[in-house]
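Enquirer: Each chain, written out:
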Amino acid sequence: MAEAYLRLRDVTKSYDGKTNAVDGIAIDIARGEFVTLLGPSGSGKTTTLMMIAGFETPTSGAIALDGDDLTARKPYHRNIGMVFQNYALFPHMTAADNVMFPLKMRRFPRHEIRARAERMLALVGLTRFADRYPNELSGGQQQRVALARGLVFEPDVLLLDEPLGALDKNLRQQMQVEIKRIHREVGITMIYVTHDQTEAMTMSDRIAVFHNGRIEQVGSPLEVYNRPASRFVGEFMGDSNFFSGRIDPARPGWVELDAIGPVRIAATDGSPPGGEVDLMIRPERLRLEVFGADDGVRNVFLMSIEDLINYGDSVLALGTACGQPLRARVLGSEATALCRGMSVRVSWAPGDAHILPRSSPLYPA
Amino acid sequence: MHAVAQRGGWRTETMAGGLMVAPAVLTIVALFLVPIGYVLMLSVSDPSWSLEHYRRLFTVPLYANVMLGTFRTALIVTLACLILGYPLAYVMARRNDAVAVILLVAVGSSFWTGFIVRTYAWLVILGNKGPVAAAYAFAGWGQPPQLLFTSFSATLGMTHILLPYMVLALYGVMRKIDPSYLRAAESLGARPFAAFRRVFLPLSLPGVVNGSVLVFTMCLGFYITPILLGTPKDMMISQLISQQIEDLLAWGFASAIATVLLAATVFLLALYNRFAGLDRLWG
Amino acid sequence: MERIALVLAVVVAIFLVAPLAIIVPMSFSTAISFEFPPPGYWTGYYARYLSDRSWLDATANSFIIACGSMILTLIVAVPAAFGFVRYRFRGKGAINLVMMAPLIVPHVVTALGYYGFLSLAALTGTRAGMIIAHTVLSIPVAFLVVSAALKGFDRNLERAAMNAGAGPLRTFFAVTLPVLRPGILVGALFAFLQSFNEAVVAIFIAGRDAATLPKKMFESIRLESDPVIAVVSTLLTGAILIGVLVSLLFRQKPAAAGG
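Residue numbers (numbering that gives the first Met the number 0), protein chains in the order written: chain A, 0 to 364; chain B, 0 to 282; chain C, 0 to 258.
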C-alpha cells in the first residue's frame, strides 16, 4: 500500500451534539489515487468532503495532507481544489475569468495567469468558449469550466461533489470518461462523491462505501462488488440474492441454507469459522442449465420463473427457488426460450458466492 | 458572512448579526416609533391628561358614523377590487405570451404611478366639463348628475388606485399554482369551469386573503383620494383627521382618531398574522 | 371560459389605464381648467411648467429628497438584510416587526407623528426633515427586496471563491456583492420611487421650502385648477411607463442561456 498522502483519523462531525453525521471515519488515500466516497443520501459522504475542503470543521479527529495537519485550517489556506454539484461558476465572470480567479487569489505571477488559464481550458476542450458567460454555456460545458477552475492552480487534491448529477445519461457517461482522462493526464489525487454505484465502479481506483456516517468498506471496485464486507455494501453495490443459513465447523466447504438445504462453498473464502451466515450471489453469476448435467461441483437451483424483465442486452428473471426469492440475470441471446411459469435449472460455482456474517436486510421484504 | 462553521459559537454570531441590524433598528426606533409614540401620547395628554378624546370619538354619533362609514367604504372598495382584479390576475398568471406581458405592463405602470396623478385623472373624468359629461351631451342626455365630490367618486377613485395592489397580490399566489393540477382535473373529466371552481379557486384563496387584507387596511387610512374626490358629508377617517388639524388645530383629538385608525390596522394585521403569517403578505 | 376571462381582464385593464391616458391630451389642452375634450392643443402649459419657479423647485426637491433617502436607506437596510439572513440570533421575530413598522402604520398617522416630532427639532419645512422621514419609510421595502435576493443567493459561489483562495473580505467584494448587485439596485429603485411618489407625509411636513411634486400637485388641485398639473402628471406617468418597459428588458436578458 502506497504511502498515505491524505489521511483522515477518527473524524467525527456532529451538528446538534446528539447524533453524528460522520461517526469516527478513517481512511488513507495515496498520492494520485482516484477514490470515490459512495453511499446513499445522508450517509455522511458529502459532509466528509466538506471537512476535507474546510467548509466544515470536524467535531473531533484529524485530517492531514502529506503530514501537514489541516483540521482547523480555513478553506482559502488549503491547497485543495473543488468542483461543486451545481458548478458554482461566478455568473458575472466569463469562463476565462472564472478559471483565472484562483490564480489571482493565490497570487500566481501575473504574466503567467492568462497562459495557465488558457492551457487549462484547452485541457478540458473549451478554448472556443473562453469568453462566454456561464449562462451562455450548456450544462456539460459549465461542468468543464468548473473542472478547469478547480485544477488550474495545481492543487494537491481535487474534490468533486456529485458533479454529474444534473446531466442526462449520455452526457454523464461522456463526462465520466473525460474526468478519467484528465485524471490520467494530470495525475492529481481525486476524491469523488456520488450515490451512483455504477459511476463509482467505472471511475475509481478504490471505493469507500458510507452508511449512517461510517465507512463500511474501502476497497477496489471489484473487491467491494464481489466481496462486500457487510450486507449493506452487498445490497448497495448492485442487484443481489441473499440467503440465510449456517456453517457447521465440522463440515467445512458446505453451508446449510434455510429452506434450500446444503450447498457447496469455496473453502478459502475467508468465511467465519462457524455460525449464522448470509450467502450472497450476484444475479449474473447464475447460469442457465439447459441439459441438466450435474458435475458434482456446481450448485443447482430449480427456479420457478414468475416474471421476466428485458433490458435489451440481458434479461432479469424473477422467481423463486424452494420458496425463496431468486433473481437471475441471463444474456439476451440465451434467454429467448424463457417464459413466465417455466421452471429452469440455474447453477453456480462455489466461488461465485460470498459469505458474510448474518445481518438484517437493507430493505425488509 | 461566509460558510465556514463559526468557531466562536453562538455568541459571536449574535454579536455580528446584531451589529448589522442595529443601525436599521435604531433608526426606526428613534426616528419612527418615537414620533408614533408621540401621537399616542398626545391623544391622551392634549390639552390635559384624560381619555376625553376617545370618549367623544365613540359616543358622539357624528364621529362614530365617520368610523363606521370608513369601514363600510373600505369593505365596498375591497369587494370591488376583488371582483375586478380576479379575472385580470387570472389571465396574467395563466398566460405566458405577449398578452400577459402587456397586462403586466399596464398593472405595473398603474401600480407605480402616484396616487395624486391618478386622483387627478378622476377629477378630470368625472368633472362637469370632462369626458363623462361630454358623453352625456353627445348621447343627448343633457347634464350628468353630480358625480364629483360624492362618496361615489371617492369610492371609485380608491378602487382604481388600490386595484393594482389587489391584482399583484392575487397574481403572486396564482403564479405559483402548478398548471398540471388543472390538466389533471381535466383529464379526470372536469370541464373547464368545474376545474376552475374546484381546483384553481380554492388554491387561489390565500391570494384573495392577502389582497383583501392589503386593500382593506390601505383603504382605512386613505388620505389623498377621499379628500380630493370625496365629500365632507360622508367623511372618512383621514378626512376627519385633516379637518381637525387644519381647521381646528385640535391636536389631541386628531391624535386620538389617528390612534384608533392605527389600532384598527394593527388589529387586522395581527388577526391575519394569526391565521396566515405576516410574511406571506410581502413574500 | 378562458375567453370570458380574457375579455374581462382586458376590460379591467382598460379601466386601469384609460384615466391616465386621458391626462395626456389634457396636458396639451388650451383650456384654462379641466375640460374634455380639449378645445384646442398647444404646448403652452409645458412651457409654463418649465418656466414656473415653484414647479421646478418642487421637481428638484423631489429628486434631491428621493436620492438622499435612497442612499441613506441602502446604507442602513443592506447590512440589516445581511445580518438577518446570514446570522442566527434570538429576537428575530421582534426585530422583523420593528423593521416592518413603517409599512404597517397608515401614512396619515406617520405624517401626524412627524409633524409633531420634527417641529420640535425645527425640521419641518426642510429637506433634511423630509429625507429623514422618507428614509424611514423606505427601509422596510429595501430590507425586503435585499433579503429576498440574499435568500436566493447560492452559497456555493462563496465556497467556490474561498476554495479558490479568496479570504472572507475578498470573497465578499469579488463575488457576493457583484452577484447581489441587481437585488440591491432594485431595492434602491423601490426606495427612490417610494419617496418620489410619497404624498401624505410631504403634505404635512414639507412646508413651502421643501415642497415635493406630490405636495405641490395636491395644493394646486385643491386651491386652483392649474393646467400645469396635467403636464406634470403626463411627465410622471410617461417616466414610469418607460421605467417599467426598461425593467422588462432587463428581466429577459438572463434567459438567453444556451442548451
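Honestly, the hints are just simulated from the structure, not real lab data. Be aware that one or more of the hints could be misleading.
[To be verified] In silico lysine to any residue, SDA-like type, Cα no more than 20 Å apart, as pairs:
1) C:Lys91 to B:Lys128
2) C:Lys150 to B:Leu103
3) B:Lys128 to C:Arg154
4) A:Lys103 to C:Pro167
5) A:Lys103 to C:Lys150
6) A:Lys103 to C:Ala20
7) C:Lys150 to A:Leu166
8) A:Lys73 to C:Ile21
9) A:Lys73 to A:Pro90
10) B:Lys128 to C:Leu71
11) A:Lys73 to C:Val178
12) B:Lys175 to C:Gly124
13) A:Lys73 to C:Ala4
14) B:Lys128 to C:Ala4
15) A:Lys103 to C:Ile21
16) B:Lys128 to C:Ile21
[What the hints assert, rightly or not] If you want the footprint, here are the derived chain A segments under chain C, 3+ residues with CB under 8 Å:
17) 184-194
18) 220-229
Each residue gets a CB set at the ideal place from its N, CA and C atoms; glycine is no exception.
Enquirer: Now tell me if each hint is right for this structure.
Expert: Hints, one by one, checked against the model:
1. C:Lys91 to B:Lys128: Roughly 55 Å separates the two Cα atoms, so the pair is violated.
2. C:Lys150 to B:Leu103: Distance of about 25 Å is beyond 20 Å: violated.
3. B:Lys128 to C:Arg154: violated (61 Å)
4. A:Lys103 to C:Pro167: holds (15 Å)
5. A:Lys103 to C:Lys150: violated (29 Å)
6. A:Lys103 to C:Ala20: Violated. A:Lys103 to C:Ala20 sits at ~55 Å, over the 20 Å cutoff.
7. C:Lys150 to A:Leu166: violated (26 Å)
8. A:Lys73 to C:Ile21: violated (64 Å)
9. A:Lys73 to A:Pro90: violated (24 Å)
10. B:Lys128 to C:Leu71: violated (45 Å)
11. A:Lys73 to C:Val178: violated (23 Å)
12. B:Lys175 to C:Gly124: This hinted pair is violated, its Cα atoms lying about 46 Å apart.
13. A:Lys73 to C:Ala4: violated (58 Å)
14. B:Lys128 to C:Ala4: With a Cα-Cα distance of about 34 Å, the restraint between B:Lys128 and C:Ala4 is violated, given a limit of 20 Å.
15. A:Lys103 to C:Ile21: violated (59 Å)
16. B:Lys128 to C:Ile21: holds (13 Å)
17. 184-194: Our answer is that it is violated, as 0 residues pass the Cβ test (under 8 Å) against chain C, missing three.
18. 220-229: violated (count 0)
Consistency with the previously given hints fails for numbers 1, 2, 3, 5, 6, 7, 8, 9, 10, 11, 12, 13, 14, 15, 17, 18, ordered from lowest to highest.
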